[in-house]
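**Student:** Taken in order, these protein sequences are the chains called A and B.
Heads up: the first sequence is residues 1 to 154, going by this note's numbering.
Heads up: the second sequence is residues 1 to 289, going by this note's numbering.
If you are wondering where the hints come from, they were derived from the structure by calculation, not from laboratory data.
Note that the structure is a prediction, hence the values are computed from the model and not measured.
Even for Gly, the Cβ is constructed at its ideal location relative to N, Cα and C.
Not one of these hints is a red herring.
So, partial list: chain B residues that the calculated Cβ filter (under 8 angstroms) puts toward chain A:
{"#": "1", "residue": "R24"}
{"#": "2", "residue": "K28"}
{"#": "3", "residue": "W133"}
{"#": "4", "residue": "L221"}
{"#": "5", "residue": "S223"}
Chain residues, written in single-letter form:
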Amino acid sequence: MILIAVVLAQAAVPAGEDPVPPYVQRDANAGAVPFADAAMWRAFHGSDGVARIVDAFVARNAADPRIADIFKGQDLVRLRRVLKEQFCYLLGGGCTYSGRDMKTAHKDMGVQAADMGALVENLQSAMAAERVPFGAQNRLLARLAPMKRDVVTR
Amino acid sequence: MKTLMFLPVAALFTATPAFANDGRSGGKLLLTDGISSVEGSAGGGLATWAVIAGNETDRGIGASAHGTLVALPDFTLRAAGAAVGIYDRVELSYTRQMFDTEAAGSALGLGRGFTFAQDIFGAKLKVAGDAVWAQDRWLPQIAIGAQHKIAVQGAVIAAVGGRRRTGTDIYVAATKLILSQGLVVGATARWTRANQFGLLGHGGDHGDARRIAPEASIAKLLSRRLVVGAEYRAKPDRLAFARETGAWDAFAAWAPQRNLTLTTAFVDLGDIATFRRQRGLFLQLQGAF
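Just chain B, same shape as in the assembly:
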């Protein structure tokens, strides 16, 4: 895990030198930094994309912050965090997720309002391609990254069959804007054993090995400031006590001005902890510079 954290830092140092005096803030076109996923990485709301957070270009440093609410029939997920984008090549992020079981907590024997939480530390490195400007090349923008997740409810996680409280997802993401069609397309392969994004730990009764879980996104530009799209994210199903399914959403992201993106989505997180069909509303406010 420490080796993974070293990678983006090393990239930062090799990328610095010759233009130390040419630093420049901003410069990205509207919405090309994506929104924040529920784990705090730049992308869609569920899927992580190859784009780097912040409004900066290769000559600057940018940042973003998000507040996210997912209102489900039986639970509420809240997330908040921030990310830094360095020369449009490295992204470092931190997000805290809180999953409130509300009344369902009593039914689950945990107590009303019992809350699962986790801290997610993310690092992403753009390794090839260009999503936005290289419209004459098929090669998408490709990034590799990791999300190290530290959940808090260790005793409950163990009780429901989770093997470990902390874990690291590793992914490869590919993203491309097909400007002539006004489309954004993305695909991500995530190597994971996280239960419910990691809120219920990692690994379980149905196996402890990490496996590839795919993510796919498609979006349509309606105007400079408005993008609509849909995403799908497969999830491992490792805990015998409750089936876990993939998640999908249909979203609209709006940038009323340069530093603000508001996103609303219909989201279907599937079955969670024996509560079926958790479909609801995703809302996010993201500020960036």
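Just chain A, same shape as in the assembly:
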């Protein structure tokens, strides 16, 4: 019985990712209200566009001397997956967000306001590279910005 439970628990973790402590999964963990229609999803070029943006965003963060240390030792495979879910959910793409809430996800990382600034700049660069219109970029950023309250702890 115990062996089966352990095997099931192992199988629940997606391939290439590390397990995380259990949490209650719900869309509200995404930290913001999603856009009501699909216009933003189209502006971001759907799941392909969001995938490119998230991959570029995470790569920039990991290489950015200002914040690279925060991303060292983090599970980037999981991060890319949950970010894509989060953006898809928020942009009206119809996905379910299966990740943690912003407070829990960023607990004990010691993130400062300047780190959040660097993060936003890297996201802006990734969105610009994907040619998302500037207005659409700002509409998404307007939903993400208040998360600073939960992300910045130092």
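Given chain A, work out where chain B should sit, using these hints.
**Tutor:** Just chain B now, with coordinates in the frame of chain A:
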């Protein structure tokens, strides 16, 4: 006046302690520190905003320096100064303004190239709200501040009816970035009796009491590095010898890189010292870290 200067210093000491080891330079997003007003406070070119100078966040200390030129048909205003931003909460600034009357100086009986000047010492304290990050709250960023102005041409100021050579403007500013619309909006109430920003002293024939003079700004983000906007600033009209009107401008501020903002504006300073319709060009170079 001394009490006013004490306020930001007290705020600095109460804000310091727990993160003495977490100091961090930079961190503000491009253009969110504003430009330098003609008086040297962070804001627009004419209006003072609730934003704090420098690129620092709540964990750091930043600074900026500006050189400003306003080329008018009959006069030239030059200003240069610097500001320090402390933990994105307190701003201290110093700017020197020089107002060259050029050929108009002769017409005014002062001599060609007669120059008015003043030193402006500014202090600003952010008291509530967040302009940039709190996009889910209507509360704007609110700051209170003072600008103590010391003009030099005391004899001429007295001759044109100015009551005093030095004075202090006190203001409350509210500023908010409405990111979903790409807009910056701001309103400021300035309690003042300054004549021509203080270059012609404070108070005069038409009264000596400070009254509220409003300032309003609106700007549109065109890209990460480019903002365009317009401002209006009401001014007291206290001197009988020459009517003084409000001022407005339409500006474009460009940040080619993180530490530099270049601003150009069409500015209308109204009637100055009997010379009408002083409209011209505002140019500013601001460096900040």
